[in-house]
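Q: Protein chains in written order, with the numbering used here: chain A, -19 to 329; chain B, -19 to 329; chain C, -19 to 329.
One thing to keep in mind: the hints can contain errors.
The list cannot tell twin chains apart, which means a pair is met if one copy fits it or any two copies do.
What the hints assert, rightly or not - Under the rule of at most 20 Å between Cα atoms (straight-line distance), these lysine-lysine pairs were calculated in the PhoX-like manner:
{"hint": "1", "residue 1": "Lys306", "residue 2": "Lys180"}
{"hint": "2", "residue 1": "Lys296", "residue 2": "Lys180"}
{"hint": "3", "residue 1": "Lys313", "residue 2": "Lys23"}
{"hint": "4", "residue 1": "Lys313", "residue 2": "Lys175"}
{"hint": "5", "residue 1": "Lys175", "residue 2": "Lys306"}
{"hint": "6", "residue 1": "Lys296", "residue 2": "Lys313"}
{"hint": "7", "residue 1": "Lys296", "residue 2": "Lys306"}
{"hint": "8", "residue 1": "Lys23", "residue 2": "Lys306"}
{"hint": "9", "residue 1": "Lys180", "residue 2": "Lys313"}
{"hint": "10", "residue 1": "Lys175", "residue 2": "Lys23"}
{"hint": "11", "residue 1": "Lys175", "residue 2": "Lys296"}
Simulated from the structure, these hints should not be mistaken for laboratory data. Note that the structure is a prediction, hence the values are computed from the model and not measured.
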Amino acid sequence: MLTAADLAGRIGAELVGDGGLEVAEGSGLEEAEPGTVSFYANKRYRRYLEGTRASAVIVDATVAAELGERPYARLVHPNPYGAFARALALLHPETRPAPGIDPRAIVEDGAQIDETATVSAMCYVSAGARIGPRTVILPHAFIGEDVQIGADCFLQAGAIVREGCILGDRVRFQPRVTIGADGFGYALDTGDDGKPLHRKVPQVGIVRIEDDVEIGAGACIDRATTGETVVGRGTKIDNLVQVGHNVTIGELTILCGQTGIAGSAVIGNGVVLAGQAGVVGHLTVGDGVTMAAKSGIVGDVEPGAVIAGYPAIPHKVWLRAMAALKELPGLLKRVRRIERRLSDHDGDE
Amino acid sequence: MLTAADLAGRIGAELVGDGGLEVAEGSGLEEAEPGTVSFYANKRYRRYLEGTRASAVIVDATVAAELGERPYARLVHPNPYGAFARALALLHPETRPAPGIDPRAIVEDGAQIDETATVSAMCYVSAGARIGPRTVILPHAFIGEDVQIGADCFLQAGAIVREGCILGDRVRFQPRVTIGADGFGYALDTGDDGKPLHRKVPQVGIVRIEDDVEIGAGACIDRATTGETVVGRGTKIDNLVQVGHNVTIGELTILCGQTGIAGSAVIGNGVVLAGQAGVVGHLTVGDGVTMAAKSGIVGDVEPGAVIAGYPAIPHKVWLRAMAALKELPGLLKRVRRIERRLSDHDGDE
Amino acid sequence: MLTAADLAGRIGAELVGDGGLEVAEGSGLEEAEPGTVSFYANKRYRRYLEGTRASAVIVDATVAAELGERPYARLVHPNPYGAFARALALLHPETRPAPGIDPRAIVEDGAQIDETATVSAMCYVSAGARIGPRTVILPHAFIGEDVQIGADCFLQAGAIVREGCILGDRVRFQPRVTIGADGFGYALDTGDDGKPLHRKVPQVGIVRIEDDVEIGAGACIDRATTGETVVGRGTKIDNLVQVGHNVTIGELTILCGQTGIAGSAVIGNGVVLAGQAGVVGHLTVGDGVTMAAKSGIVGDVEPGAVIAGYPAIPHKVWLRAMAALKELPGLLKRVRRIERRLSDHDGDE
């Protein structure tokens, strides 16, 4: 429980209105009850700003000026969503299980677990694995041989990290992340019996996850054929994303749900791939590129491009093309009519 | 083993033909052997109605009339597929493991397990969790703190339900369902070091799954940022589906394989999303909408709409547009020819 | 450690250059260090052939001739990628855990485990399951009742194979494969309370995986309603792929990441489905078909077709149509101009 004034101070916001109102938790604008702090950042929810029962709302200066007097405190901040993130972290501090190796976990000889780390029941940690300070691993994880996990990581239940892969510091896994599965590599070849087969290309590289990466539930990052598959510092990956072998992903990139990146692609820094987007293998996506939902590419993409569709084209061009698409059948008829008319015209001459 | 006459009576069908034929199991029309019951509901398989070796086939009245005499019993029912479902349930009753907590499971102090529930070996049930009567949890499940699971649920192996989430009665999970992973929420912000970062927005809400919901293998339903992500009564979700934070899904809705629903979307009752469809965040899909496979939307959808494509348009319009698409390159040439001709014509005048 | 000459001999390549150079591991051309063997098969990486530090490079005869003298040994082979696969297998032999049942695994009475098989800690093997010679099952697997697994299989951590399903010999699973989840089958019906419901169709069939199949991380193959879902010999399935109930997949077929195949579809031999492609239920895809990334079909596909788009059309037609798409808005304007002009012209007459 904090007063609105306290909260404003701790998240770096300016208080407007009654600073004595108390807030105990965060909530959305629409379903807010007294005692909660909310935020406003998406115009779609503008109507809820009127009737919200929240005791405090984080808004930017422009909105604060428009709002005028309100029964709730306004916490004015240039980045309301970012400030809300800070408020939630203050009001809902993360609980952390006690450090130590649960006796119902299996830790093979030769694994090194920092004494401040938590290894939960029913985890399996292989020989040669190293787990850093304050890192938490929830139940049912499988940590392969010689895996390295840094400090202050938090792996939700069911993590799988196969042999030799490396995680930096402050890496977060949602449940059921898979790191280091074999890449999908086969060479069409002939077997000893003379028949065709897809010969498996051994996948002997690793995955390296840099600091401050978060990976979503069910996502898979494949190990490299040789060398490394890399996910750069501060990149965030959503649920059920697939990253192929030898992919390199830069820093502060966002991969939304169900995106797929095929082998050996290079994704830059600050890239955003919206949901269900896809990148074909061996391509390069420049820094700062935004790919719309469901888009896909078949060639390299210049830095800063905003693209959509498959094969992707500039987003604005795509929007116009898709709007025109439903007129295409009518257009075909119209052109046929013109052609007929011109041919009649010829007859006239 | 039932006679065709018995089976007809128990599934509410009318018997036509030899009621004394015995059936022991269900089968498809094509691969049916004597002693099996099959059904006919999809015209694609009409040819198999002729030569099927099934002892009984469930058909509707129109088909029964067309068929005339056959070596197999006809079980006439207005809803053959529904009647087949009942027949299978009679002939292949579900086996249920014995109630009780397997001594090789871990149930933390303070969890409440109904004495008629089954908690299998290698499950982990956290403190404060409550599991209702006759609910079955197969091996390798992780049930978080304060999770509530109702009566008569059946969770196949490897279920993960994170802290605080709520399941109603008769909920079914296929293997490896993930409930309550953190939503994908980050605010672009500046770190203490002055550098840009994606600040994690704590996800402190829950997921609530209502009665009679079934969820497919590998599917993920994310917890709300604040409040609840809701899956409504009787809704069925297929494998590898992703449902984002704060999504609300109505009753009796169908989400086919690999569909994705981004955060805060509202999906109505009786909606069907075909495979690999996608819904962008914050949108509303009205009751009874059908979205074709691979379709996606970028705006709200009116109740009852049948749509396809991305951005989705009415299904019939989409079909025509896609059929016309392959004529587009030719059309471009034809218009160029007309333009050239008209410009020559100008010269003539 | 092998000499280039030894390696050439063992992979069936012809040596050109210094056969005494030693190689200890495989690597990509770009990041290669002395002591490694690399390969060249994709023109995109031609530039790395110049400066590579590899001690040996596998190339085809044409490239070898172009290269002339080089500081590295050339191992000349008609199939450089296939030869590289062999080289990796020689230099990086797969390690195999010791045979036997780990005392921390659970094997229920009545399961038959070959004495040369490996069942790792925290696996659960149900009654009636049979596991063949030299098969390896890593931790946290769940093997259901009466499952049959052949010889020389390798199941990475977290495999789930539900009751009754059958795996041939030399089957490989990447982590977290799910075999035999219920198919997604519901009949719209009326409950005892007179209200509509989606009645579950019991899924009482099985999955049969033939010899030499490999399945990727997080992929799901659903059991048949009745009968079998089949994955044919030598077929390779990538991560997060969904295969519905009663699907039949032929031999030597490739399903890339995140593809989805709906129920009862029939996929031929030697088919390639690129990433995120989809096949609607009940359709037939002929032998040797290639479906481009993100493509989908709504009708049967003839053997040998190369298709793209959704609904898919011949790949070349699709490429031209998509290239033309961005000109569509301009085309609409041009046709309007022509129409206006012709109508003015009418006025003139």
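Q: All hints, please: hold or fail.
A: Going through the hints against the structure:
no.	hint	in the structure
1	Lys306 x Lys180	neither (45 Å within a copy, 38 Å between copies)
2	Lys296 x Lys180	neither (43 Å within a copy, 30 Å between copies)
3	Lys313 x Lys23	neither (41 Å within a copy, 34 Å between copies)
4	Lys313 x Lys175	neither (53 Å within a copy, 47 Å between copies)
5	Lys175 x Lys306	neither (49 Å within a copy, 39 Å between copies)
6	Lys296 x Lys313	between (27 Å within a copy, 17 Å between copies)
7	Lys296 x Lys306	both (17 Å within a copy, 10 Å between copies)
8	Lys23 x Lys306	neither (29 Å within a copy, 31 Å between copies)
9	Lys180 x Lys313	neither (52 Å within a copy, 47 Å between copies)
10	Lys175 x Lys23	neither (62 Å within a copy, 28 Å between copies)
11	Lys175 x Lys296	neither (50 Å within a copy, 31 Å between copies)
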